[in-house]
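Novice: Sequence:
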Amino acid sequence: CACPSVSQPYPAMRPYSNGYASHQYSPHKIHTMQGRQQKVYPKPIYSYSCLIAMALKNSKNGSLPVSDIYHFMTENFPYFKTAPDGWKNSVRHNLSLNKCFEKIENKASGGSSRKGCLWTLNPAKVDKMDEEMQKWKRKDPVAIRRSMANP
Numbered sequence: 001c002a003c004p005s006v007s008q009p010y011p012a013m014r015p016y017s018n019g020y021a022s023h024q025y026s027p028h029k030i031h032t033m034q035g036r037q038q039k040v041y042p043k044p045i046y047s048y049s050c051l052i053a054m055a056l057k058n059s060k061n062g063s064l065p066v067s068d069i070y071h072f073m074t075e076n077f078p079y080f081k082t083a084p085d086g087w088k089n090s091v092r093h094n095l096s097l098n099k100c101f102e103k104i105e106n107k108a109s110g111g112s113s114r115k116g117c118l119w120t121l122n123p124a125k126v127d128k129m130d131e132e133m134q135k136w137k138r139k140d141p142v143a144i145r146r147s148m149a150n151p
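Sequential numbering of the sequence shown, starting at 1, is according to full-length UniProt numbering.
Bear in mind the hints are in silico, worked out from the structure with no lab data behind them.
Don't be surprised by glycine CBs; every beta carbon is placed ideally from N, CA and C.
A couple of the hints might just be wrong.
Here are the simulated lysine-lysine pairs, DSBU-like style, with alpha carbons at most 35 Å apart [claimed, not checked]:
hint : residue 1 : residue 2
1    : 135       : 43
2    : 107       : 128
3    : 103       : 43
4    : 137       : 43
5    : 128       : 139
6    : 60        : 128
7    : 39        : 137
8    : 103       : 88
9    : 103       : 139
10   : 137       : 99
11   : 103       : 135
12   : 139       : 107
13   : 107       : 39
14   : 60        : 99
15   : 39        : 139
16   : 43        : 60
17   : 139       : 60
18   : 88        : 39
19   : 39        : 81
20   : 60        : 107
21   : 39        : 60
Label pairs and their calculated CB-CB ranges [stated by the list, open to error]:
hint : residue 1 : residue 2 : range
22   : 106       : 40        : 19 to 25 Å
23   : 103       : 74        : 20 to 26 Å
24   : 128       : 61        : 18 to 24 Å
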């Protein structure tokens with residue numbers, strides 16, 4: 001797998017937006033016990049490595065702690081807000097074992113005694129990751145839009 005370049009985020013995401021999709025790409029609606037409608041988002045068809053790469057590409061400097069990767073995924077793909085916590089293990093597993101990602105020391109610890117690490121894309125794998133994301137995008141663009149908070 002390869003990783004996307006940081007200079008051009010793909011796809012463009014709105015990491016902190018509260019808006020929801022509209023028209024034919026809207027998620028399904030179900031009725032809760034209280035009679036209110038709740039939007040149900042499907043699991044994104046992208047692989048975890050693609051989702052992680054999107055988070056990193058859409059960051060300010062191309063690197064993030066794992067907690068910010070989780071945040072990106074829940075804000076852009078609301079399925080993860082209610083998914084069982086096992087998805088977080090999958091993210092950590094991908095970060096640790098996938099050659100697309102590299103761990104770097106968090107230099108901006110802000111005086112904190114806790115040392116954290118940041119994750120970034122492996123520059124040698126960018127083209128391959130771009131190809132993988134394009135493959136998924138061509139495969140089912142409607143499914144991708146349905147899974148996004150802001151397609």
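Novice: Work down the list of hints and note, for each, if the structure agrees.
Specialist: Outcome of the hint check:
The straight-line distance between the Cα atoms of residue 135 and residue 43 is roughly 17 Å, inside the 35 Å bound, and the hint therefore holds. Between residue 107 and residue 128 the CA atoms are separated by roughly 28 Å; this keeps the pair inside 35 Å, and the hint holds. Between residue 103 and residue 43 the CA atoms are separated by roughly 27 Å; this keeps the pair inside 35 Å, and the hint holds. Only pairs whose Cα atoms come within 35 Å are accepted, and residue 137 paired with residue 43 is accepted, the gap being roughly 15 Å.
Taking the CA atoms of residue 128 and residue 139, the gap is about 17 Å. The hint holds against a cut of 35 Å. Between residue 60 and residue 128, the direct Cα distance comes to roughly 22 Å. Compliance with the 35 Å bound is thereby established for this hinted pair. At roughly 23 Å between alpha-carbon atoms, residue 39 and residue 137 fall within 35 Å of each other, so this suggested pair holds. A C-alpha spacing of about 17 Å is found between residue 103 and residue 88, which places the hinted pair at or below 35 Å, so the restraint holds.
A distance of roughly 31 Å separates the Cα atoms of residue 103 and residue 139; the hinted pair therefore holds under the 35 Å criterion. At roughly 22 Å between alpha-carbon atoms, residue 137 and residue 99 fall within 35 Å of each other, so this suggested pair holds. Simply put, residue 103 and residue 135 have alpha-carbon atoms about 26 Å apart, close enough for the 35 Å limit, and the pair holds. Using a Cα cut-off of 35 Å, the hinted pair residue 139 and residue 107 is violated, with the two alpha carbons roughly 39 Å apart.
Proposed proximity of residue 107 and residue 39 is contradicted: the alpha carbons are some 40 Å apart, above 35 Å. The suggested pairing of residue 60 with residue 99 holds, with an alpha-carbon distance near 22 Å, which does not exceed 35 Å. In summary, the hint linking residue 39 to residue 139 is supported, as the alpha carbons are separated by about 24 Å, within the 35 Å threshold. Using a Cα cut-off of 35 Å, the hinted pair residue 43 and residue 60 holds, with the two alpha carbons roughly 26 Å apart.
Between residue 139 and residue 60 the CA atoms are separated by roughly 29 Å; this keeps the pair inside 35 Å, and the hint holds. With a C-alpha separation of about 22 Å, the suggested pairing of residue 88 with residue 39 holds against the 35 Å cut-off. Restraint check for residue 39 and residue 81: the C-alpha separation of about 12 Å stays at or below 35 Å, so the hint holds. A threshold of 35 Å between alpha carbons decides the hint, and for residue 60 with residue 107 the separation of about 15 Å falls inside it, so the pair holds.
Simply put, residue 39 and residue 60 have alpha-carbon atoms about 30 Å apart, close enough for the 35 Å limit, and the pair holds. A beta carbon spacing of about 36 Å between residue 106 and residue 40 contradicts the range 19 to 25 Å that was offered as a hint. In this structure the hint that residue 103 and residue 74 lie 20 to 26 Å apart at CB holds, the actual value being about 22 Å. One distance hint, 18 to 24 Å for the beta-carbon pair residue 128 and residue 61, holds here, with the actual separation near 22 Å.
The structure fails to meet hints 12, 13, 22 from the earlier list, while all remaining hints are met.
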